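S.K.: Here's the letter readout for the chains.
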Amino acid sequence: GAGVSQSPSNKVTEKGKDVELRCDPISGHTALYWYRQSLGQGLEFLIYFQGNSAPDKSGLPSDRFSAERTGGSVSTLTIQRTQQEDSAVYLCASSLAWGQGINLTEAFFGQGTRLTVV
Amino acid sequence: AQSVTQPDIHITVSEGASLELRCNYSYGATPYLFWYVQSPGQGLQLLLKYFSGDTLVQGIKGFEAEFKRSQSSFNLRKPSVHWSDAAEYFCAVGLISNFGNEKLTFGTGTRLTIIP
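Sequence order for the protein chains is A and B.
In terms of this note's numbering, the first sequence opens at residue 1346 and continues consecutively.
In terms of this note's numbering, the second sequence opens at residue 3 and continues consecutively.
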């Protein structure tokens, strides 16, 4: 597609259930980010994938959170045993590789998945 | 640790007035700098970016930003705001993470309200 696609756009789940959020990055983009935006808060970095390198998981808030990126393209963010504090908008972004001398490029964001844990 | 600070949580300006949104970063070297805008119900859109060269950069929608190394700042400006500029604005810094990968770190955002 032309942009970053995230699904579902909205998800309501019961406390304690597991959820999977999906991100389809722009074709050819090697870098993929997940962020979390809570009400009235900024964007909290969760995890970063870059090509075949080991992902930077330093932002994942607990071991209930995990993410995969299959074939260097689609990514899935999984939250196990959801809690009410997990309610937020989860944003995915992708970009061409940048930094370390590579041409600076921007990160393109999806519309996000609004997760509500009840 | 690297950080990005947007000291103003909420700013209200009159339509047609000038605007300046503040952004400060904490990092040992010159980072990559970005401003993004998030309009209501929309995704984030890049306004402008700075990597090197001219410290005054021009972006879309009439915005500009100036990198000041001595102040570790990258403030966003617009000479005359329009009602459609009402949105949330995020400053972001691109850094090399401890894992050797690039990492985009965002500030907490500034909400801009435009009054007639």
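Read the hints as simulated data drawn from the structure, not as lab findings.
A hint or two may mislead.
Far from chain B, by Cβ distances over 10 Å, these chain A residues were calculated [unchecked claim]:
no. : residue
1   : Gly1361
2   : Arg1367
3   : Ser1432
Listed below are several chain A residues computed to face chain B (Cβ distance under 8 Å; list not exhaustive) [as the list claims (entries may be wrong)]:
no. : residue
4   : Gln1386
5   : Gly1387
6   : Leu1388
7   : Phe1390
8   : Tyr1393
9   : Asp1401
10  : Pro1406
11  : Phe1410
12  : Glu1451
13  : Ala1452
14  : Phe1454
15  : Gly1455
16  : Gln1456
What follows is a list of derived Cβ distance ranges for each label pair [unchecked claim]:
no. : chain 1 : residue 1 : chain 2 : residue 2 : range
17  : A       : Gln1425   : B       : Lys70     : 40 to 46 Å
18  : B       : Ser74     : A       : Val1463   : 41 to 47 Å
19  : A       : Thr1415   : B       : Ser72     : 16 to 22 Å
20  : B       : Pro81     : A       : Gly1361   : 34 to 40 Å
21  : B       : Gly64     : A       : Asp1363   : 25 to 31 Å
22  : B       : Gly18     : A       : Asn1397   : 48 to 54 Å
Here the structure is a predicted model, which is why all the values come from computation and not from measurement.
Ideal placement from N, C-alpha and C gives every residue a C-beta, glycine not left out.
S.K.: Per the CB criterion, is Phe1390(A) less than 8 Å away from chain B?
M.R.: Holds, because the Cβ-Cβ distance from Phe1390(A) to chain B comes to roughly 6 Å (cut-off 8 Å).
S.K.: Verify the interface restraint on Gln1386(A): the C-beta must sit less than 8 Å from at least one C-beta of chain B.
M.R.: holds, 7 Å
S.K.: Taking the least C-beta to C-beta distance, is Tyr1393(A) closer than 8 Å to chain B?
M.R.: holds, 6 Å
S.K.: Verify that the Cβ of Ser1432(A) lies farther than 10 Å from every Cβ atom of chain B, and report whether the claim holds or is violated.
M.R.: holds, 18 Å
S.K.: Please confirm whether Arg1367(A) is truly not at the interface, meaning its C-beta sits more than 10 Å away from all C-beta atoms of chain B.
M.R.: holds, 16 Å
S.K.: Taking the least C-beta to C-beta distance, is Gln1456(A) closer than 8 Å to chain B?
M.R.: holds, 5 Å
S.K.: For the hint 48 to 54 Å, verify it against the beta carbon of Gly18(B) and that of Asn1397(A).
M.R.: holds, 51 Å
S.K.: Identify whether the interface hint at Gly1387(A) stands, where standing means a beta carbon of chain B within less than 8 Å of its own.
M.R.: holds, 3 Å
S.K.: When the nearest CB of chain B is found for Ala1452(A), is that gap smaller than 8 Å?
M.R.: holds, 6 Å
S.K.: A range of 25 to 31 Å was offered for this pair. Does it hold for the Cβ distance of Gly64(B) and Asp1363(A)?
M.R.: Since Gly64(B) and Asp1363(A) have Cβ atoms about 46 Å apart, the given range 25 to 31 Å is violated.
S.K.: Hey, does Gly1361(A) actually stay past 10 Å from chain B on C-beta?
M.R.: holds, 30 Å
S.K.: Closer than 8 Å between Cβ atoms is the bar; does Pro1406(A) clear it against chain B? Give me holds or violated.
M.R.: violated, 16 Å
Hints 10, 11, 19, 20 and 21 from the list above are not met by this structure, while the remaining hints are.
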